[in-house]
Amino acid sequence: MERVDGQDRVLGVVSRREAIREGWLHRVAVTVCRDDRGRILVHRRSEQVSRFPGLYEVEVGGAANVGESYEQAAAREPAEEMGIRALPRLLFTFINRSGLSPHWLGVHEAVVPDAVVPDPDEVAWHGWLTEPELGSALLEWRFTPDSHEAFSRYLAFRSAQS
Numbered sequence: 013m014e015r016v017d018g019q020d021r022v023l024g025v026v027s028r029r030e031a032i033r034e035g036w037l038h039r040v041a042v043t044v045c046r047d048d049r050g051r052i053l054v055h056r057r058s059e060q061v062s063r064f065p066g067l068y069e070v071e072v073g074g075a076a077n078v079g080e081s082y083e084q085a086a087a088r089e090p091a092e093e094m095g096i097r098a099l100p101r102l103l104f105t106f107i108n109r110s111g112l113s114p115h116w117l118g119v120h121e122a123v124v125p126d127a128v129v130p131d132p133d134e135v136a137w138h139g140w141l142t143e144p145e146l147g148s149a150l151l152e153w154r155f156t157p158d159s160h161e162a163f164s165r166y167l168a169f170r171s172a173q174s
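Every letter in the sequence shown is one number past the one before it in my numbering, and letter 98, counting from 1, is 110.
Hints listed in this document are in silico derivations from the structure and should not be mistaken for laboratory results.
Using N, Cα and C, we set each Cβ at its ideal position, and we do this for glycine too.
Do not take every clue at face value.
[As the list claims (entries may be wrong)] Cβ pair distances, simulated, as ranges:
#1 Arg88 <-> Asp20: 16 to 24 Å
#2 Leu99 <-> Arg165: 19 to 27 Å
#3 Glu152 <-> Ser58: 35 to 43 Å
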């Protein structure tokens with residue numbers, strides 16, 4: 013992955029393990045997937061994944077590869093994890109200090125088909141929730157740190173746009 017600075021400029025190529033261990037900024041892209049009825053795709057991570065096993069997520073995403081834009085990573089990750097082919101739209105980026113290490117987080121949105129085919133190695137469960145249902149779930153279920161931070165900023169962004 014690419015190590016980046018506080019202005020999101022590339023400093024060099026490092027391993028993910030090294031970036032996390034050293035607390036170096038790097039890029040992560042996530043997508044809030046909505047269906048045509050406005051419901052939000054939520055999933056529970058497999059128990060076999062190395063980071064946050066068994067926790068729920070509001071977004072689908074992961075680290076950007078070397079030379080990959082936020083948009084490219086945001087399109088690749090839903091395809092790999094959920095079998096979703098979409099062109100996510102970048103909404104905003106910010107330095108996220110929750111989770112394992114600080115990182116630039118590119119938050120995207122995409123309207124996707126409600127028929128998804130999750131990778132069972134990465135996803136243990138998935139479902140579509142309305143915003144009120146998701147609000148309750150965020151209080152009751154165990155979500156990844158990125159989910160809370162990114163989704164609250166996503167809702168604020170959407171509110172400011174309307």
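### Task
Any hints from earlier that this structure breaks? Give me their numbers in increasing order, please.
3
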